[in-house]
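Chemist: Turn these sequences into a full structure, and let the hints guide you.
Which chain is which? The protein sequence lines are A and B, in order. The first sequence runs contiguously to residue 81 in my numbering. The second sequence runs contiguously to residue 199 in my numbering.
Hints may be right or wrong, so weigh each one.
[Claimed, not checked] If you want the footprint, here are the derived chain B segments under chain A, 3+ residues with CB under 8 Å: (1) 68 to 77; (2) 132 to 140.
[To be verified] Cβ-to-Cβ under 8 Å is the rule here; a few derived chain A residues that face chain B: (3) F6; (4) N16; (5) S18; (6) C19; (7) L23; (8) V24; (9) S27; (10) T58; (11) N59; (12) I63.
Quick caveat, the hints were computed from the structure, so don't treat them as lab data. Quantities reported herein were computed from a predicted structural model and do not represent experimental measurements. The beta-carbon is built from N, C-alpha and C at its ideal position, and this holds for glycine as well.
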Amino acid sequence: MSDDFSVTLELDLRNLSCPMPLVKISKGIKDVAVGQVVKAVTSDPGALADFPAWAKTNGNQILKTEQSGDETSFFVKRLK
Amino acid sequence: MQIDFAAQIEELKARVSSLEQGGQENKLSMVVFSGDLDRVLASFIIATGAAAMGMEVMLFFTFWGTPLLRDPGKTASGKDMMGTMFGAMLPKGAGAARLSKMNFAGLGTSMMQGLMAKKNMASLPEMVVLAGELGIKICVCELSMSLMGFKREEMIDYPDLMYCGVATFLEQAMGSKIQLFI
Numbered sequence: 002m003s004d005d006f007s008v009t010l011e012l013d014l015r016n017l018s019c020p021m022p023l024v025k026i027s028k029g030i031k032d033v034a035v036g037q038v039v040k041a042v043t044s045d046p047g048a049l050a051d052f053p054a055w056a057k058t059n060g061n062q063i064l065k066t067e068q069s070g071d072e073t074s075f076f077v078k079r080l081k
Numbered sequence: 018m019q020i021d022f023a024a025q026i027e028e029l030k031a032r033v034s035s036l037e038q039g040g041q042e043n044k045l046s047m048v049v050f051s052g053d054l055d056r057v058l059a060s061f062i063i064a065t066g067a068a069a070m071g072m073e074v075m076l077f078f079t080f081w082g083t084p085l086l087r088d089p090g091k092t093a094s095g096k097d098m099m100g101t102m103f104g105a106m107l108p109k110g111a112g113a114a115r116l117s118k119m120n121f122a123g124l125g126t127s128m129m130q131g132l133m134a135k136k137n138m139a140s141l142p143e144m145v146v147l148a149g150e151l152g153i154k155i156c157v158c159e160l161s162m163s164l165m166g167f168k169r170e171e172m173i174d175y176p177d178l179m180y181c182g183v184a185t186f187l188e189q190a191m192g193s194k195i196q197l198f199i
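Modeler: This is how it looks when you write it as structure tokens:
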């Protein structure tokens, strides 16, 4: 599997419930430089709707969403 | 008859930009009137979520919300009889808040707290600490403080806590995109 991006930081947000995944990703995205990618692994079903909403208002970009079982991984690129 | 399109476009541009701004900033102002565990928990989930989404957040604690900001480890002296009564009857701190429904003399609240812990949800006192870390401002209603006889020395240590009146809330609310009353 090849992607045209590399992950700088990986966040394990499994077993966290609303609003903690959002709080953690909003902190985590600031730990990487603009243009870099954070991978966030979540298990909260609400994250599927919440991460795109968060990215849209925060001005960051979700490059890819990967689902395996109950877990969803978001690849978020810091845009600003 | 000749129409000055350029002037009309300029005027429309100015009107659109003033509408877009609306004098409102990316801010959330919320009145926390209730002291019920479920309602205050919802307040803090919305507040911390808003902070995560990059919003500036101000919580205005008034009436039944006020006693939840007391520190259970602190005491205040020199209260009159009414103040002492209010102090004893109202929940002391966020950890003492009860459910608005299905409390069943505290049993329902304990079960809900147990369930929240099992689901790895933050407790209300933990949410208050998180709110402080996220830079959420708390404004405590001065009128509620004096009405219920609370003293400043018995309130929690919170990074951005101030005491204010209705005008402070309204001034903040006027410039906020979202205003809520819970």
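Chemist: So, for every hint listed, does it hold in this structure?
Modeler: Comparing the hints with the structure gives:
no., hint, result
1, 68 to 77, "holds (count 4)"
2, 132 to 140, "holds (count 4)"
3, F6, "violated (23 Å)"
4, N16, "holds (5 Å)"
5, S18, "holds (5 Å)"
6, C19, "holds (6 Å)"
7, L23, "holds (4 Å)"
8, V24, "holds (5 Å)"
9, S27, "holds (4 Å)"
10, T58, "holds (5 Å)"
11, N59, "holds (5 Å)"
12, I63, "violated (14 Å)"
Hint compliance for this structure: hints 3, 12 are broken, all remaining hints hold.
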